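Colleague: Okay, here's what each chain looks like letter by letter:
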Amino acid sequence: MSSILNSIDLQFILGSLIKTAVFWICIMIVVAYTVYAERRVLAVIQNRLGPNRVGWQGLLQPFADLIKFIFKEDIIPFAVNKVLYLIAPVVVLVPAMMVLIVYPFGPRNVPLPGGEVLSNMLNNFGNSLGYDWALDLTHIDLFVSNFNVGLLYIFALTGLGVYGIVIAGWASNSKYSLMGGLRSSAQMISYELALSLSVVAVLIPAGTLDLVKIVELQGGTWFGFIPKWNLLALFPAGLIAFVVYLISAIAETNRVPFDLPEAETELVAGFHTEYSALKFALFFMGEYVNMTTVSVLATTLFLGGWQGPLVGTYPWLGLVWFVGKVFFFLFLYIWLRGTLPRFRYDQLMNFGWKILLPAALVNIVIAAVLGVLFL
Amino acid sequence: METIHLLFLAIAALAVVSAFNIILQRNPIYSAIGLIIVLCCLAGLFLTLYAQFIAAIQIIVYAGAIMVLFVFVIMLLNVREEESRTDRQKYLKFLAAPLFLALLAEVAVVIRFVNMPAPAIEDPNTAIDPSQSLGTVESIAHVMFTDFVLPFEATSVLILMAIVGAMYLARRDSGEGAERIEQALATDAAQPPVAVHEDSGH
Chain A
1 MSSILNSIDL
11 QFILGSLIKT
21 AVFWICIMIV
31 VAYTVYAERR
41 VLAVIQNRLG
51 PNRVGWQGLL
61 QPFADLIKFI
71 FKEDIIPFAV
81 NKVLYLIAPV
91 VVLVPAMMVL
101 IVYPFGPRNV
111 PLPGGEVLSN
121 MLNNFGNSLG
131 YDWALDLTHI
141 DLFVSNFNVG
151 LLYIFALTGL
161 GVYGIVIAGW
171 ASNSKYSLMG
181 GLRSSAQMIS
191 YELALSLSVV
201 AVLIPAGTLD
211 LVKIVELQGG
221 TWFGFIPKWN
231 LLALFPAGLI
241 AFVVYLISAI
251 AETNRVPFDL
261 PEAETELVAG
271 FHTEYSALKF
281 ALFFMGEYVN
291 MTTVSVLATT
301 LFLGGWQGPL
311 VGTYPWLGLV
321 WFVGKVFFFL
331 FLYIWLRGTL
341 PRFRYDQLMN
351 FGWKILLPAA
361 LVNIVIAAVL
371 GVLFL
Chain B
1 METIHLLFLA
11 IAALAVVSAF
21 NIILQRNPIY
31 SAIGLIIVLC
41 CLAGLFLTLY
51 AQFIAAIQII
61 VYAGAIMVLF
71 VFVIMLLNVR
81 EEESRTDRQK
91 YLKFLAAPLF
101 LALLAEVAVV
111 IRFVNMPAPA
121 IEDPNTAIDP
131 SQSLGTVESI
141 AHVMFTDFVL
151 PFEATSVLIL
161 MAIVGAMYLA
171 RRDSGEGAER
181 IEQALATDAA
191 QPPVAVHEDS
201 GH
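Top to bottom, those sequences are chains A and B.
Just so we're aligned, residue 1 is where the first sequence starts under this note's numbering, counting upward by one.
Just so we're aligned, residue 1 is where the second sequence starts under this note's numbering, counting upward by one.
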């Protein structure tokens with residue numbers, strides 16, 4: 001064991017664990033307050049007040065909801081397939097959260113305030129146990145990990161999330177759940193194609209699948225004032241890709257106007273009809289983590305991630321730009337929910353296969369031609 | 001023993017256990033889930049061998065697309081338990097054991113006597129030029145579009161043929177259905193005026 005603890009991997013493993021924990025807590029808080037924001041913003045759109053009783057302006061509402069979910073009676077219906085019924089919420093949530101490690105939150109080598117004290121403390125602790133650690137936490141990277149196939153990793157894991165929904169629908173042993181599960185899987189398979197193909201137009205100027213490098217390549221400006229975002233790269237290919245991506249991302253996360261899997265007027269609540277208490281909360285969290293993931297991906301691929309004014313001088317500002325852009329997309333989700341009616345099922349399928357998919361394919365050709373001419 | 005070897009062994013053990021799960025379960029949906037776990041484990045094994053791209057593609061294509069269709073079909077047909085065994089192929093099961101032993105012997109011989117030189121693997125994350133290190137997107141794309149461009153294009157033609165075939169089969173069915181519906185509608189449309197005429201006659 002001592003050989004493992006002394007190896008140079010230690011700094012990487014320990015650092016990754018700490019960072020994953022910190023980022024995980026941040027994402028959970030973002031998810032909780034996205035739910036709160038959704039209820040408040042929808043209330044404003046629909047001309048009512050929304051939750052404003054727990055804490056100042058209802059700011060403690062997410063915690064009240066969480067406590068309520070934990071203490072509710074945990075009902076397992078009689079006719080369900082028990083094993084799969086219990087596994088399904090976990091299968092939705094775990095892949096959704098595993099994506100977190102490739103989010104590029106900010107630049108590399110950011111000076112950490114108090115990092116020197118922290119690394120001294122950890123090293124002394126290691127030395128007192130008899131290992132000679134030489135951890136250096138004065139500068140940290142504001143992402144957990146970056147690897148060569150980061151983007152494919154995200155697509156692979158978000159693709160696995162569909163099993164949770166399908167299994168939940170089947171294991172519940174109820175018509176509404178099964179219909180919701182089938183609709184959801186059909187919808188996610190259809191729109192996954194357009195989503196993945198739209199991204200190719202961005203990969204042509206970027207030339208890598210590594211999310212951290214994609215963001216780094218978007219630094220600087222054209223003509224001194226237009227930011228060098230992929231949204232505007234290879235004009236108009238980047239713009240078309242962005243529109244296709246955004247529409248498919250909303251369909252992929254089963255949100256309004258594509259929320260047919262849980263259309264309450266026809267299917268009660270879709271695949272999670274039979275779920276209650278904390279298991280229902282897990283589905284809910286999974287949906288919101290997925291929303292965050294597609295927003296992060298939209299920010300990273302099209303809007304330059306953490307790039308923005310003054311990031312060179314104040315690296316921590318990158319985090320602010322990043323969070324701001326992600327919140328813009330989360331707000332867009334809520335805004336759309338308050339504005340648009342739901343699609344009919346055949347309209348949804350026709351739109352995905354006959355409009356979005358050909359548009360994404362043609363856009364790849366446009367981007368490739370422009371890339372050969374101008375890159 | 002390095003950490004990566006421990007990981008390799010753990011993932012391989014899980015893969016073998018899940019593979020047994022596939023054939024021992026009576027309920028087809030449990031078998032399908034076992035197969036999904038095996039495919040994810042294979043992706044993990046590829047990762048420990050620095051084949052990042054193949055690992056990701058393994059999950060996207062097999063676990064993410066093909067197995068979803070399997071699960072879809074099992075759920076749509078609502079197959080609960082394995083149907084009662086038909087004994088039409090009863091001699092095949094006596095062949096299974098010798099075939100398995102032969103395969104095992106073959107693997108043992110390969111491991112014992114064939115000495116493949118290990119390729120020079122460097123960690124792609126620290127490599128200076130990613131296209132030079134094994135298993136990255138760049139190196140696989142480079143090989144695929146230069147040395148193996150003909151097999152690659154031939155495969156895409158094959159897939160195109162499969163797509164056209166599937167379209168043809170699906171379309172012919174729906175076409176006949178549409179004709180039947182049109183005929184039925186035509187007869188329906190022909191009847192009401194007669195009825196109205198009779199009504200007005202009384």
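Derived from the structure by calculation, the hints contain no laboratory data.
Owing to the predicted nature of the structure, the values given are computational and were not obtained by experimental measurement.
For every residue, glycine included, the Cβ atom is placed at its ideal position computed from N, Cα and C.
Don't take every hint at face value.
Residues of chain A clear of chain B, computed beta-carbon distances all greater than 12 angstroms [unchecked claim]:
# : residue
1 : Asn47
2 : Asn52
3 : Gly169
4 : Leu178
5 : Phe329
6 : Arg344
Derived contacts from chain A toward chain B, CB cut-off under 7 angstroms, selection only [as the list claims (entries may be wrong)]:
#  : residue
7  : Trp56
8  : Val144
9  : Asn148
10 : Val149
11 : Leu152
12 : Tyr153
13 : Gly159
14 : Leu373
Have a look at the derived ranges for each label pair, beta carbon to beta carbon [to be verified]:
#  : chain 1 : residue 1 : chain 2 : residue 2 : range
15 : B       : Gln25     : A       : Trp222    : 54 to 62 angstroms
16 : A       : Pro77     : B       : Ile22     : 23 to 31 angstroms
17 : B       : Phe70     : A       : Val94     : 19 to 27 angstroms
Colleague: Please write out, lowest number first, the hints stated earlier that are contradicted by the structure.
Modeller: Numbers 3, 4, 7, 8, 14 - these are the hints that the structure violates, sorted from lowest upward.
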